[in-house]
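Peer 1: Could you slot chain B onto chain A? The hints should help.
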Amino acid sequence: MCTTCGCGDGETRIEGEDPHGHEHEHLHADGTRHVHSHSHDGGDSHHHAHAHGHGHAYMPAHSHAPGMAKGRMVQIEQDILAKNNAYARQNREQFAKRGIFALNLVSSPGSGKTTLLVKTIEALAGRQPVAVIEGDQQTSNDAERIRATGAPAIQINTGKGCHLDAHMVGHALEKLALADASLLMIENVGNLVCPASFDLGEAHKVVILSVTEGEDKPIKYPDMFAAASLMLLNKCDLLPYLAFDVDSAIAHARRVNPGIEVIRTSSTSGEGMAEWLAWIARGAAAARG
Amino acid sequence: MHEMSIAEGVLQLIEEAASRDGFTHVRTIWVEIGRLSGVEPEALAFCFDAVTRGSIAEGAAFEIVAVPGRGLCYECGRETELEAVYDACRHCGAVPVQVTGGTEMRVKELEVD
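Just so you know, the protein sequences line up as chains A and B, in that order.
Under this note's numbering, think of the first position of the first sequence as 1036, with each following residue one higher.
Under this note's numbering, think of the first position of the second sequence as 4, with each following residue one higher.
Isolated chain B, as found in the complex:
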């Protein structure tokens, strides 16, 4: 359940932004979650609801921006999309593929009052 720690990290970033920016309520949060980040988006949304109770982000809509996994094929040198880190290259079928994107977990933007 490390989604709980991740959700707490998200709330921490929100509270830091609130003290910088002076907002008192969060309506919507956009979070970028890479396909290869090791985080289950639905579990994260559930945990976010739980940890934000009583905070300035209580009831905020949690919008997940999915980022596809990307890799570079060692064999044919082309970019390929990855569902998992062990996927074969879509162009030539070779494994392994070097992961180049889709591991991120970022808070992008907030809609606030």
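With the rest of the complex left out, here is chain A:
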């Protein structure tokens, strides 16, 4: 990410954006310059409030001999995630104003998130407007799978990035045909580590653990399970063929997060779908106010 304004490092791509938008040149204190391009189109569509302050000191080269005297102390006392949290706050305000119920879905790769999303959208058709933001390092395959259901979806490719951040989501929101009072499902990059630290402005993180994984995953990756409000124990139709201990998995999750809710789901058999849809309906009703 650009360290000056937090915008595209040439890796992050949001569908529909011109990757060769406009270029910025930065002059560093030591006289070196570097140029980077912003991967969003400029002009009026760029509504997402943006910290464009350029934090470089345009000062003459210093003449201090290193090691001679103690440097000056500057107190900072700032949270490193403050920038992300400020973008997350903007997203959250937008959701609140428009009655949108936003969920951040997190899991390992291969937990069945996208299939569960497709089933959820199909079940909600005609009852609840739904839109999806898909995060993956590469390809727009998942967004295409979602769009095949008729729901609006936009893909964010993080390039080498391991998580979505609130700034990327803010830009994706500008491109997404998101109706008021929608359910917005943000499918994060498949990764049980990094997305835990980055608030996107969602109402809840929902962690999906499939029963083909280990039941001790909640304590192997405790930060994610501690950050989530709900755990979907997915692919439950496979339980008869596995040695997976459901009670042990739930006990592990509650050890890191005593308040976590749990629903057993299966996209194949439909188990737990009614309970999951009821959970969504309660949240969506609360978001509409």
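Hints should not be assumed to be uniformly reliable.
When the alpha-carbon atoms are kept at most 35 Å apart in a straight line, the in silico DSBU-like pairs for lysine-lysine are as follows [as the list claims (entries may be wrong)]:
# : chain 1 : residue 1 : chain 2 : residue 2
1 : A       : K1195     : A       : K1255
2 : A       : K1105     : B       : K111
3 : B       : K111      : A       : K1255
4 : A       : K1132     : A       : K1210
5 : A       : K1132     : A       : K1105
6 : B       : K111      : A       : K1195
7 : A       : K1195     : A       : K1132
8 : A       : K1154     : A       : K1195
9 : A       : K1255     : A       : K1154
Calculated directly from the structure, the hints in this document are not laboratory data.
Fair warning: this is a prediction, and the values are worked out from it, not measured in the lab.
Peer 2: Frame of chain A, contents of chain B only:
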């Protein structure tokens, strides 16, 4: 590798401070990293070196101030130190424990010219 994003966030805070305060070189940076913050201090120091090349913080010493994890036991109501979020209370052995500290990631102070 979200340590890379975190390191970029640190550099961003430094550059903002430089434009406010007018310094041109950073000698030392002190960063507070909680035991339960989900960040590996050594990986963060490595990433900081990488992202600060060519910046005013190139070559700066990266000092990590470790903050222990702290929790409040639901069972006995006492404060206990936590190495991980799922640790048992050190006093009575109960789980779970409510996390009360050690999740922070803050830039504390800079030594600058």
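Peer 1: Give a verdict on every hint.
Peer 2: Do the hints match the structure? See the list:
1. At roughly 24 Å between alpha-carbon atoms, K1195 (chain A) and K1255 (chain A) fall within 35 Å of each other, so this suggested pair holds.
2. Between K1105 (chain A) and K111 (chain B) the CA atoms are separated by roughly 18 Å; this keeps the pair inside 35 Å, and the hint holds.
3. Proposed proximity of K111 (chain B) and K1255 (chain A) is supported: the alpha carbons are some 30 Å apart, at most 35 Å.
4. Taking the CA atoms of K1132 (chain A) and K1210 (chain A), the gap is near 18 Å; set against the 35 Å cutoff, the hint holds.
5. Between K1132 (chain A) and K1105 (chain A), the direct Cα distance comes to roughly 51 Å. Violation of the 35 Å bound is thereby established for this hinted pair.
6. Of the pairs offered as hints, the one joining K111 (chain B) and K1195 (chain A) holds, with about 29 Å between alpha carbons and a cut-off of 35 Å not exceeded.
7. Between K1195 (chain A) and K1132 (chain A) the CA atoms are separated by roughly 33 Å; this keeps the pair inside 35 Å, and the hint holds.
8. Proposed proximity of K1154 (chain A) and K1195 (chain A) is supported: the alpha carbons are some 29 Å apart, at most 35 Å.
9. The hinted pair formed by K1255 (chain A) and K1154 (chain A) meets the criterion: a straight-line CA distance of about 29 Å does not exceed 35 Å.
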